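Enquirer: Spelled out from the first residue to the last, the chains are:
Protein chains: 2
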Amino acid sequence: MNDILHLTLLFDFYGELLTEKQKQVFSLHYQDDLSLSEIGEELSISRQAVRDLLKRTEKILLDYEQKLGLVARFQEQKKSVRQMLEIMQDLEIDGLSEKRMRQIETMKEIAQAILS
Amino acid sequence: MNDILHLTLLFDFYGELLTEKQKQVFSLHYQDDLSLSEIGEELSISRQAVRDLLKRTEKILLDYEQKLGLVARFQEQKKSVRQMLEIMQDLEIDGLSEKRMRQIETMKEIAQAILS
Numbered sequence: 376m377n378d379i380l381h382l383t384l385l386f387d388f389y390g391e392l393l394t395e396k397q398k399q400v401f402s403l404h405y406q407d408d409l410s411l412s413e414i415g416e417e418l419s420i421s422r423q424a425v426r427d428l429l430k431r432t433e434k435i436l437l438d439y440e441q442k443l444g445l446v447a448r449f450q451e452q453k454k455s456v457r458q459m460l461e462i463m464q465d466l467e468i469d470g471l472s473e474k475r476m477r478q479i480e481t482m483k484e485i486a487q488a489i490l491s
Numbered sequence: 376m377n378d379i380l381h382l383t384l385l386f387d388f389y390g391e392l393l394t395e396k397q398k399q400v401f402s403l404h405y406q407d408d409l410s411l412s413e414i415g416e417e418l419s420i421s422r423q424a425v426r427d428l429l430k431r432t433e434k435i436l437l438d439y440e441q442k443l444g445l446v447a448r449f450q451e452q453k454k455s456v457r458q459m460l461e462i463m464q465d466l467e468i469d470g471l472s473e474k475r476m477r478q479i480e481t482m483k484e485i486a487q488a489i490l491s
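Taken in order, these protein sequences are the chains called X and Y.
Here the first sequence is numbered in my numbering, starting from 376 and rising by one per residue.
Here the second sequence is numbered in my numbering, starting from 376 and rising by one per residue.
It should be emphasised that the hints constitute simulated quantities derived from the structure, not laboratory data.
As the structure is a computational prediction, the values presented were derived from the model and not from experiment.
Where hints are given, some of them may not hold.
No copy labels: a pair is met if it fits in one copy or bridges any two.
[Stated by the list, open to error] Using 27 Å as the maximum straight-line C-alpha spacing, the simulated DSS-like pairs for lysine-lysine come out as follows: (1) K483 - K454; (2) K483 - K453; (3) K434 - K453; (4) K396 - K430; (5) K434 - K454; (6) K453 - K442; (7) K398 - K442; (8) K398 - K430; (9) K398 - K434; (10) K434 - K396; (11) K430 - K442; (12) K396 - K442; (13) K454 - K442.
Work out the full structure: start from the sequences and follow the hints.
Expert: Encoded structure:
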């Protein structure tokens, strides 16, 4: 997983443990894609202050994951669900009764909802 | 879910955010099933101090879940996996080719591993 995607996932999990300022800077940078200078202008602080705040926020998120490992735990579950989904897709290849097709369809929808 | 099971799950998820003392009291009470008095003797503090520490620890765990909701999110996923598992069990009822039976068996093992 690339670093930005990983950080975004960590933010999704642990973001509520950050201060408002940390949340704001993280989300302006990683979600709204603003540069450090642009965020600095927006918040009337220096580019360097934004950089420090962002680095500190990233470190806090990484520390939470190191302690709790819940993002990794979720990712593991999703990996298992993807494996099941592949088998479901394979199961469908040749003709099955309509009832079974519907059952497999229902399972696939449940699996896809977990993965979405 | 009963309160003790819920607290134990919260501890499993967020326990690493507690202090050593909080972890110790929680686990002596809820995992080793010691009474408040017994814990007090073990740690050389009053029964009331144990009670306060325990209440405070429970509140911290509940506050984390209120902020992050990750236990609820996991429980939701498990519920979905249980639904899939029920369909898998139903799928097996009448005769399927050996290959398909094996595929369903594999899916069931994956689902059960998630639920265990």
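Enquirer: Of the numbered hints stated earlier in the document, which are not met by this structure?
Expert: Checked against the structure, no hint fails, so every one of them is satisfied.
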